[in-house]
Amino acid sequence: MCPNTALLSALIDGELPHRFEQHITDHIHGCSICRKEMARFSSLREKLQQDNITQTEITARESRLWRSIEHKMLSRKKHPLLHRSINLPLPALAALCLVMAASMVTAAYHGFAAHTYNFPPDELPSFSTMDELIGYLEQTQRTGIMEMSLPEDPVFLFISQPTLMPEREYRDAKW
Amino acid sequence: MNKETEERESFESVYSTLFPVLFRVAFHITGSGDVAEELCQEAFIKYFSASAPLPTLNDAKFWLIRVVKNLCYNNEKRKLREKKAYRKLYLTRMVVQEQETGETSVLKDETERLVQKALEALPYKLRMPLVLKEYADMNYRNIAGILGITEGNVKVRIYRARQLLSSFLDKGDLHVS
Numbered sequence: 001m002c003p004n005t006a007l008l009s010a011l012i013d014g015e016l017p018h019r020f021e022q023h024i025t026d027h028i029h030g031c032s033i034c035r036k037e038m039a040r041f042s043s044l045r046e047k048l049q050q051d052n053i054t055q056t057e058i059t060a061r062e063s064r065l066w067r068s069i070e071h072k073m074l075s076r077k078k079h080p081l082l083h084r085s086i087n088l089p090l091p092a093l094a095a096l097c098l099v100m101a102a103s104m105v106t107a108a109y110h111g112f113a114a115h116t117y118n119f120p121p122d123e124l125p126s127f128s129t130m131d132e133l134i135g136y137l138e139q140t141q142r143t144g145i146m147e148m149s150l151p152e153d154p155v156f157l158f159i160s161q162p163t164l165m166p167e168r169e170y171r172d173a174k175w
Numbered sequence: 001m002n003k004e005t006e007e008r009e010s011f012e013s014v015y016s017t018l019f020p021v022l023f024r025v026a027f028h029i030t031g032s033g034d035v036a037e038e039l040c041q042e043a044f045i046k047y048f049s050a051s052a053p054l055p056t057l058n059d060a061k062f063w064l065i066r067v068v069k070n071l072c073y074n075n076e077k078r079k080l081r082e083k084k085a086y087r088k089l090y091l092t093r094m095v096v097q098e099q100e101t102g103e104t105s106v107l108k109d110e111t112e113r114l115v116q117k118a119l120e121a122l123p124y125k126l127r128m129p130l131v132l133k134e135y136a137d138m139n140y141r142n143i144a145g146i147l148g149i150t151e152g153n154v155k156v157r158i159y160r161a162r163q164l165l166s167s168f169l170d171k172g173d174l175h176v177s
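So the sequences go chain by chain: Z and G. Position 121, counted from 1, in the first sequence is what our numbering calls 121; the numbers after and before it change by one each time, with no gaps. Position 171, counted from 1, in the second sequence is what our numbering calls 171; the numbers after and before it change by one each time, with no gaps.
The hints are simulated quantities; they were obtained by calculation from the structure and are not laboratory data. Built from N, CA and C at the ideal position, the CB exists for glycine as well. One thing to keep in mind: the hints can contain errors.
Claimed, not checked - Within a straight-line C-alpha distance of at most 35 Å, the following computed DSBU-like cross-link-like pairs (lysine-lysine) qualify: (1) G:K171 - Z:K47; (2) G:K125 - G:K84; (3) G:K117 - Z:K47; (4) G:K84 - Z:K36; (5) G:K171 - Z:K72; (6) G:K77 - G:K61; (7) G:K61 - Z:K72; (8) G:K3 - G:K61; (9) G:K171 - G:K83; (10) G:K77 - G:K171; (11) Z:K47 - G:K61; (12) G:K79 - Z:K47; (13) Z:K72 - G:K79.
What the hints assert, rightly or not - Stretches of chain Z that chain G covers, calculated by requiring three or more beta carbons in the stretch to come under 8 Å of a beta carbon on chain G: (14) 6 to 20; (15) 40 to 50.
Excised from the complex, chain Z in its bound form (with noise of 0.2 Å):
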């Protein structure tokens, strides 16, 4: 019985286990078809090795390109660190996303509160407009954000304009 024409492909390429080569190759010796078969698979191997590059042009090509990599070379400068590749697994730079995410809120939330400033009760003088009160910051150089409380009197009556004044006046004012 004949062998697989796929088994004459790989023993061209002398890819068979040693001891179906020999079984294979006594079998093709006393075998017309298969003989046949190989034949016209060392004919197609022989063409395929006559392809129409020439030496000539192969090493032209290649001096050709050598010089165009050589420039490429030559005008990049190569920095040790940005031309590193480093491997990390996926679980690593998914915690290395988490800290740095952790550490962008947390510098975000100090440096927002870095900003602010307490006023001292003594320094702050007293503003009856919203001019003043910018005018006053704006000689100080102190920008940020500012809270301001209104009374938590129940009997708090909004009449005219609300008035700005340190809280320790505020507090011993009688209402």
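Knowing the structure of chain Z, use the given hints to seat chain G on it.
Frame of chain Z; chain G shown alone:
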């Protein structure tokens, strides 16, 4: 001798040894000398930029062929897209032209050109293992590693490629792609 000079010399030696192999592989996959040259250039630049040179010439060959294989694949996809777009636009005119040029080229062309044409007519997944076997002189195990398939699959694909190639050459029917 500093490290940079050492790396450069090693790269030069890899280049001069492997360029012919790489060029042949790329040429027989793409069917164009200029495209093959371009792909080789890209592969070697990637090799140089990657990191320190690989320890052995065999490792470098394996690495570079893998890169060229990927570049060829991208090129193949681009070619197919262009072909599709071209067919869509000039379908009628192309059918007439194909009949004329196909017949004349089969009659006039030399054996090498016919073989190359037949090779190009093979489906990409059959062409790639055959080209790696014939022109890069690689064994089934290495081809399987490069293509990400099993050794058995490589054996079957090479066999099918040979059968198809043989039938193309026997019939002179090179318009199957």
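How the hints compare with the structure:
| no. | hint | result |
| --- | --- | --- |
| 1 | G:K171 - Z:K47 | holds, 16 Å |
| 2 | G:K125 - G:K84 | holds, 19 Å |
| 3 | G:K117 - Z:K47 | holds, 12 Å |
| 4 | G:K84 - Z:K36 | violated, 40 Å |
| 5 | G:K171 - Z:K72 | violated, 47 Å |
| 6 | G:K77 - G:K61 | holds, 24 Å |
| 7 | G:K61 - Z:K72 | holds, 22 Å |
| 8 | G:K3 - G:K61 | holds, 22 Å |
| 9 | G:K171 - G:K83 | holds, 24 Å |
| 10 | G:K77 - G:K171 | holds, 27 Å |
| 11 | Z:K47 - G:K61 | holds, 25 Å |
| 12 | G:K79 - Z:K47 | holds, 26 Å |
| 13 | Z:K72 - G:K79 | holds, 27 Å |
| 14 | 6 to 20 | holds (count 5) |
| 15 | 40 to 50 | holds (count 8) |
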